[in-house]
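A.B. asks: From just these sequences and the hints, can you work out the full model?
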Amino acid sequence: MTQVVPASSSSAHYGASSLADACPALLHNDEHLYRLGQSLTVLHAHKGSGARLRILILKDDPVNPMVLNGDRLLRPSATLGLKAELRHQQHLQARCAAPLGADPTPVDLLVRDNQVLELQLESLGEPPRIGSATMALAAAIDSAARAPAPRATSGLGRLFRRSQDDAPLHTDQSAVARTLQELRAAVQELRVTPFATLTLEWDDVPDMG
Numbered sequence: 574m575t576q577v578v579p580a581s582s583s584s585a586h587y588g589a590s591s592l593a594d595a596c597p598a599l600l601h602n603d604e605h606l607y608r609l610g611q612s613l614t615v616l617h618a619h620k621g622s623g624a625r626l627r628i629l630i631l632k633d634d635p636v637n638p639m640v641l642n643g644d645r646l647l648r649p650s651a652t653l654g655l656k657a658e659l660r661h662q663q664h665l666q667a668r669c670a671a672p673l674g675a676d677p678t679p680v681d682l683l684v685r686d687n688q689v690l691e692l693q694l695e696s697l698g699e700p701p702r703i704g705s706a707t708m709a710l711a712a713a714i715d716s717a718a719r720a721p722a723p724r725a726t727s728g729l730g731r732l733f734r735r736s737q738d739d740a741p742l743h744t745d746q747s748a749v750a751r752t753l754q755e756l757r758a759a760v761q762e763l764r765v766t767p768f769a770t771l772t773l774e775w776d777d778v779p780d781m782g
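Here this note's numbering runs 573 ahead of the position in the sequence shown, where the first position is 1.
FYI, nobody ran anything at the bench for these hints, they're computed from the structure.
Keep in mind that a hint or two might mislead.
Pairwise CB distance ranges, derived in the manner of DEER restraints [stated by the list, open to error]: (1) A717 <-> N642: 31 to 41 Å; (2) R751 <-> R645: 33 to 43 Å; (3) D634 <-> S591: 14 to 24 Å; (4) S747 <-> L600: 15 to 25 Å; (5) A720 <-> R627: 35 to 45 Å; (6) N642 <-> E695: 12 to 22 Å; (7) A675 <-> K620: 35 to 45 Å; (8) R751 <-> R660: 30 to 40 Å.
Derived DMTMM-like pairs: lysine to aspartate or glutamate, alpha-carbon spacing no greater than 25 Å straight-line [unchecked claim]: (9) K620 <-> D644; (10) K632 <-> E604; (11) K656 <-> D633; (12) K620 <-> D745; (13) K632 <-> D686; (14) K656 <-> E695; (15) K632 <-> D715; (16) K620 <-> E762; (17) K632 <-> D681; (18) K656 <-> D644; (19) K632 <-> D676; (20) K620 <-> D634; (21) K656 <-> E755; (22) K620 <-> D681; (23) K656 <-> E699; (24) K632 <-> D603; (25) K632 <-> D745; (26) K632 <-> E755.
Backbone N, C-alpha and C define an ideal beta-carbon position, used for all residues, glycine too.
C.D. replies: This is the structure:
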């Protein structure tokens, strides 16, 4: 029988690279950026729980990171899409306060194909830039959703009212685009390493009896 034991995260620093290089398609998909930002914001919120959490990212599913706590894998709950008709700020804050869910996948099975990356926590910053950018984007989405729809008019009235009606909507949409770009810049700063493990056969474990 084989037991997979995570190695020290510091031992993998020599192989560090940017997440954008490891998963290049991520930066070109706004939806994926937002979902990743939400998940990392939630996971970072649990950093102060007292447990040493290691954030893992799958190369083939980078928008759904998980954490390793001892030998247990944990995941945040579902994320929202950019067009979800819910209160984005409220949803994100609630997820930050909620416990993480258990993932039944065995660690040794997860790392078998060497497709797992470990996020270098210091690349998040303190306070984490990605958390600030994600929360600002959630606020901008909420604001855009609350913007009044242009009122229907006809004739000359439409010409005079168009600029007044378009201004708030244009401002809110500009805020969404700006904060989305801030989130993209924060993701570009993230550093990852190949997830390091030590594989021990039970015969290699000394008898403590």
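A.B. asks: With reference to the structure, classify each hint as holding or not holding.
C.D. replies: Against the structure, the hints come out as follows:
1. A717 <-> N642: 31 to 41 Å: 37 Å, holds
2. R751 <-> R645: 33 to 43 Å: Holds: the Cβ-Cβ distance is about 39 Å, inside 33 to 43 Å.
3. D634 <-> S591: 14 to 24 Å: For S591 against D634, whose Cβ atoms are near 18 Å apart, the range 14 to 24 Å holds.
4. S747 <-> L600: 15 to 25 Å: Given about 20 Å between the Cβ atoms, the range holds.
5. A720 <-> R627: 35 to 45 Å: 41 Å, holds
6. N642 <-> E695: 12 to 22 Å: 19 Å, holds
7. A675 <-> K620: 35 to 45 Å: 18 Å, violated
8. R751 <-> R660: 30 to 40 Å: 20 Å, violated
9. K620 <-> D644: 17 Å, holds
10. K632 <-> E604: 17 Å, holds
11. K656 <-> D633: Since the Cα atoms of K656 and D633 sit roughly 24 Å apart, the hinted pair holds (cutoff 25 Å).
12. K620 <-> D745: Not OK: K620 and D745 at ~32 Å, beyond 25 Å, violated.
13. K632 <-> D686: 11 Å, holds
14. K656 <-> E695: 31 Å, violated
15. K632 <-> D715: 31 Å, violated
16. K620 <-> E762: 19 Å, holds
17. K632 <-> D681: Cα-Cα ~16 Å, so holds.
18. K656 <-> D644: This hinted pair is violated, its Cα atoms lying about 36 Å apart.
19. K632 <-> D676: Since the Cα atoms of K632 and D676 sit roughly 17 Å apart, the hinted pair holds (cutoff 25 Å).
20. K620 <-> D634: 22 Å, holds
21. K656 <-> E755: 19 Å, holds
22. K620 <-> D681: 24 Å, holds
23. K656 <-> E699: This hinted pair is violated, its Cα atoms lying about 29 Å apart.
24. K632 <-> D603: 18 Å, holds
25. K632 <-> D745: Answer violated: K632 to D745 is near 34 Å, above 25 Å.
26. K632 <-> E755: 23 Å, holds
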